[in-house]
Amino acid sequence: MYRYDEFDHAFVSARVEQFKDQVERRLAGELTEDQFRPLRLMNGVYLQLHAYMLRVAIPYGTLSSRQMRKLAHIARTYDRGYGHFTTRQNLQYNWPALKDMPKVLDELAEVEMHALQTSGNCIRNVTADHFAGAAADEVADPRPYAEILRQWSSMHPEFSYLPRKFKIAVTGAERDRAAIQVHDIGLHLKKNAAGEIGFAVYVGGGQGRTPMVAKKIRDFLPVEDLLTYTTAIMRVYNLNGRRDNKYKARIKILVHETGTEELTRQVETEWLALKNSDLKLPQTDVDAIDSYFRPPHLPQRPEGWSALASARKADHVFAAWVDQNVTPHKNPDYGVVTISLKPIGGIPGDATDAQMDLVADIAEQFSQDEIRVSHEQNLILPHVAIADLRIVYDLLLTDSLATANAGLITDIISCPGLDYCALATARSIPVAQRISERFADPARQADIGELKLKISGCINACGHHHVGHIGILGVEKKGEELYQISLGGSGDEVCTIGDITGRGFSSEEIVDAIETIVDRYLEIRTDKEETFLAAYRRLGAAPFKDALYSEAADAA
Amino acid sequence: MSVKVLTANRLTDGEAVWLGANGEWLDHIDGALVARHAEAAAALEEAGKVAIKSNLVIDVNVIDVEERGEHLYPIRLRERIRQLGPTVRLDLGKQAEKPAANAA
Numbered sequence: 001m002y003r004y005d006e007f008d009h010a011f012v013s014a015r016v017e018q019f020k021d022q023v024e025r026r027l028a029g030e031l032t033e034d035q036f037r038p039l040r041l042m043n044g045v046y047l048q049l050h051a052y053m054l055r056v057a058i059p060y061g062t063l064s065s066r067q068m069r070k071l072a073h074i075a076r077t078y079d080r081g082y083g084h085f086t087t088r089q090n091l092q093y094n095w096p097a098l099k100d101m102p103k104v105l106d107e108l109a110e111v112e113m114h115a116l117q118t119s120g121n122c123i124r125n126v127t128a129d130h131f132a133g134a135a136a137d138e139v140a141d142p143r144p145y146a147e148i149l150r151q152w153s154s155m156h157p158e159f160s161y162l163p164r165k166f167k168i169a170v171t172g173a174e175r176d177r178a179a180i181q182v183h184d185i186g187l188h189l190k191k192n193a194a195g196e197i198g199f200a201v202y203v204g205g206g207q208g209r210t211p212m213v214a215k216k217i218r219d220f221l222p223v224e225d226l227l228t229y230t231t232a233i234m235r236v237y238n239l240n241g242r243r244d245n246k247y248k249a250r251i252k253i254l255v256h257e258t259g260t261e262e263l264t265r266q267v268e269t270e271w272l273a274l275k276n277s278d279l280k281l282p283q284t285d286v287d288a289i290d291s292y293f294r295p296p297h298l299p300q301r302p303e304g305w306s307a308l309a310s311a312r313k314a315d316h317v318f319a320a321w322v323d324q325n326v327t328p329h330k331n332p333d334y335g336v337v338t339i340s341l342k343p344i345g346g347i348p349g350d351a352t353d354a355q356m357d358l359v360a361d362i363a364e365q366f367s368q369d370e371i372r373v374s375h376e377q378n379l380i381l382p383h384v385a386i387a388d389l390r391i392v393y394d395l396l397l398t399d400s401l402a403t404a405n406a407g408l409i410t411d412i413i414s415c416p417g418l419d420y421c422a423l424a425t426a427r428s429i430p431v432a433q434r435i436s437e438r439f440a441d442p443a444r445q446a447d448i449g450e451l452k453l454k455i456s457g458c459i460n461a462c463g464h465h466h467v468g469h470i471g472i473l474g475v476e477k478k479g480e481e482l483y484q485i486s487l488g489g490s491g492d493e494v495c496t497i498g499d500i501t502g503r504g505f506s507s508e509e510i511v512d513a514i515e516t517i518v519d520r521y522l523e524i525r526t527d528k529e530e531t532f533l534a535a536y537r538r539l540g541a542a543p544f545k546d547a548l549y550s551e552a553a554d555a556a
Numbered sequence: 557m558s559v560k561v562l563t564a565n566r567l568t569d570g571e572a573v574w575l576g577a578n579g580e581w582l583d584h585i586d587g588a589l590v591a592r593h594a595e596a597a598a599a600l601e602e603a604g605k606v607a608i609k610s611n612l613v614i615d616v617n618v619i620d621v622e623e624r625g626e627h628l629y630p631i632r633l634r635e636r637i638r639q640l641g642p643t644v645r646l647d648l649g650k651q652a653e654k655p656a657a658n659a660a
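Protein chains in written order, with my numbering: chain A, 1 to 556; chain B, 557 to 660.
To be clear, the hints were calculated from the coordinates, so they are not data collected in a lab. Quick caveat, the model's predicted, so the values are computed rather than measured. Among the hints, erroneous ones may be present.
FRET-style restraints, in silico, Cβ to Cβ [what the hints assert, rightly or not]:
| hint | chain 1 | residue 1 | chain 2 | residue 2 | range |
| --- | --- | --- | --- | --- | --- |
| 1 | A | 446 | B | 623 | 48 to 54 Å |
| 2 | B | 612 | A | 220 | 54 to 60 Å |
| 3 | A | 328 | B | 558 | 58 to 64 Å |
| 4 | B | 612 | A | 283 | 55 to 61 Å |
| 5 | B | 605 | A | 519 | 53 to 59 Å |
| 6 | B | 622 | A | 529 | 51 to 57 Å |
| 7 | B | 558 | A | 398 | 48 to 54 Å |
| 8 | B | 622 | A | 18 | 43 to 49 Å |
| 9 | B | 622 | A | 434 | 24 to 30 Å |
| 10 | A | 394 | B | 623 | 55 to 61 Å |
| 11 | B | 622 | A | 28 | 37 to 43 Å |
| 12 | B | 612 | A | 20 | 20 to 26 Å |
| 13 | A | 20 | B | 602 | 33 to 39 Å |
Think about it this way: if two alpha-carbon atoms lie no more than 25 Å apart in a straight line, the pair counts; the simulated PhoX-like pairs of lysine-lysine are [stated by the list, open to error]:
| hint | chain 1 | residue 1 | chain 2 | residue 2 |
| --- | --- | --- | --- | --- |
| 14 | A | 99 | B | 605 |
| 15 | A | 167 | A | 280 |
| 16 | A | 191 | A | 330 |
| 17 | A | 216 | A | 165 |
| 18 | A | 99 | B | 609 |
| 19 | A | 477 | A | 248 |
| 20 | B | 650 | A | 99 |
| 21 | A | 528 | A | 545 |
| 22 | A | 246 | A | 167 |
| 23 | A | 20 | A | 103 |
| 24 | B | 609 | A | 20 |
| 25 | A | 248 | A | 165 |
C-beta atoms are modelled at their ideal positions from N, C-alpha and C, and glycine is treated no differently.
Bound-form chain A, shown alone (with noise of 0.2 Å):
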């Protein structure tokens, strides 16, 4: 893992303290809210429905299990007991108090962490695909590159009043899991035809209110030219984006409004005035960033396929846990195991501070001190031994950590809508806790089989709604809560924004609205491999259409 060099650790401490000298002046006084909400925001700091809210920097969804440990004690100390695990492989405290940020943020300091960037119309927290240094199918590790981007990004002076924010994301692998092409800048890290390692640069992509798929505009960049080609990228839309309406702020406006070979000749003419400045990427420097993320020393552990086989035979739920909660390793006597926190009925993504303690034990005896936290709002231990599966299992069996579920229908992305959220105009967390306990039952989660459900409480899409195989939106119509269902959506490698598919359903209908769903795929599917993505993208909407509305319409 990174470690902080004397650099890291000065701006940080730097940054804290500026933020308690600016806290302390907003409680005297001496600062008004408009002067003091642009601060707070730069540090993290929202304000919520119920309290303020505390979102904390996690670099690529990265943590030791110091860090995670840190994270418990101040779920603890200054807040209810828990954390949300959010789409941005960040974490949300919901209930700190003002006069308590400064030391929330010097105790996250202790341990390398921050809550910079995490709002504002700034870089944000760069994410990347969470099986990360770990996954048998990764080409190369994406995180030496996302540090490297952070290190950049981190109050970057020209960079830190852009039109609108700016997300970046970076995959180590084809198959897509860091949903690169709904970012602003996606970086998919791949090889040439002589084996040197580069970039597929895709710009524009987003969700929110305007979705969009991003475009390429080179497929090969190579490493040296990371930060001399994404500051191309970023003084055109620095220049260009629009400050005129905040709705059309983004830089997939831009690129959608410019069109993409007009833009894409934009920056690269950019380049070609910084392609040779001291922004270009030393092999040096990348070696010594990369050395940080070396793999760690894996012992061979071949006894462990045995005892896996013994132990599946004597127990179907852990058998079935394996089957769905752990991928396959580069090393063939590991795994990559998936925590799910979505259990039956529970808040997607919240974990309690004994959780996050236990994980943190597990992690550093058995995962080599190494956690991730995935976009879907799961964690993560990426170096399992195969023959430690059986211990690791029933250590997450103790406080409720072993939903077999990953991928499957109650593997629900939501985000706090409007239960904690001052922009959400639905609530989405109880929609998805109706939804898991309709499903509950494994035998016909497994056979349903891989379906991505994606629920937002506002059109701003924190809960990725548009990329789910099926996607829930709410709304306020007439004071009620409304559910809009999008179908056909998927953020991976082969990136599609769902489709509406007309009226919306109330409350009490939305979770039947679903099943109705759920049960014409299992109608229509060739045979149960294929998926409800591809019978979607097979047969379209008018099925599905066809079985929501005509049932509505015989209800009436």
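Here the structure of chain A is known, so what remains is to put chain B in place on it, guided by the hints.
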């Protein structure tokens, strides 16, 4: 009939509060100063502007409520959730402090 009250979040901890008849900010909506006609509502708006300058509260808003017996019932679900706490965590927020009607 819909009437209006003034609500905000407390500066120090962000907790939802309502302006009481005595000019104090209350932790619970019952007891809030009720504006029953346009002039009174305008006075609440003015009180809101003053409140922002006082540095005790932030995010000050006039909201619609109904008088139901001795209780005030916010018209919008958003305000009912602010009044009580998250509907998915009944152990948290104001609802955990005193018995109250379900927000939904």
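Status of each hint after checking the structure:
1. A:446 <-> B:623: 48 to 54 Å: For residue 446 (chain A) and residue 623 (chain B) the Cβ distance comes to about 53 Å; the hint holds.
2. B:612 <-> A:220: 54 to 60 Å: Holds, at about 58 Å.
3. A:328 <-> B:558: 58 to 64 Å: holds, 60 Å
4. B:612 <-> A:283: 55 to 61 Å: Given a distance of about 57 Å, which is inside 55 to 61 Å, the answer is holds.
5. B:605 <-> A:519: 53 to 59 Å: holds, 55 Å
6. B:622 <-> A:529: 51 to 57 Å: holds, 55 Å
7. B:558 <-> A:398: 48 to 54 Å: holds, 51 Å
8. B:622 <-> A:18: 43 to 49 Å: holds, 46 Å
9. B:622 <-> A:434: 24 to 30 Å: Distance hint for residue 622 (chain B), residue 434 (chain A) holds at roughly 28 Å.
10. A:394 <-> B:623: 55 to 61 Å: holds, 56 Å
11. B:622 <-> A:28: 37 to 43 Å: holds, 39 Å
12. B:612 <-> A:20: 20 to 26 Å: holds, 21 Å
13. A:20 <-> B:602: 33 to 39 Å: With a Cβ separation near 35 Å, residue 20 (chain A) and residue 602 (chain B) satisfy 33 to 39 Å, so the hint holds.
14. A:99 <-> B:605: holds, 24 Å
15. A:167 <-> A:280: At roughly 22 Å apart (the allowed maximum being 25 Å), residue 280 (chain A) and residue 167 (chain A) satisfy the hint.
16. A:191 <-> A:330: holds, 17 Å
17. A:216 <-> A:165: Given pair residue 216 (chain A), residue 165 (chain A) holds - Cα atoms ~20 Å apart, limit 25 Å.
18. A:99 <-> B:609: holds, 19 Å
19. A:477 <-> A:248: holds, 24 Å
20. B:650 <-> A:99: Measuring from Cα to Cα gives roughly 20 Å; hence the hint holds.
21. A:528 <-> A:545: holds, 22 Å
22. A:246 <-> A:167: holds, 16 Å
23. A:20 <-> A:103: Between residue 20 (chain A) and residue 103 (chain A) the Cα gap is close to 8 Å, so the pair holds against 25 Å.
24. B:609 <-> A:20: holds, 22 Å
25. A:248 <-> A:165: It holds: about 12 Å lies between the C-alpha atoms, which stays within 25 Å.
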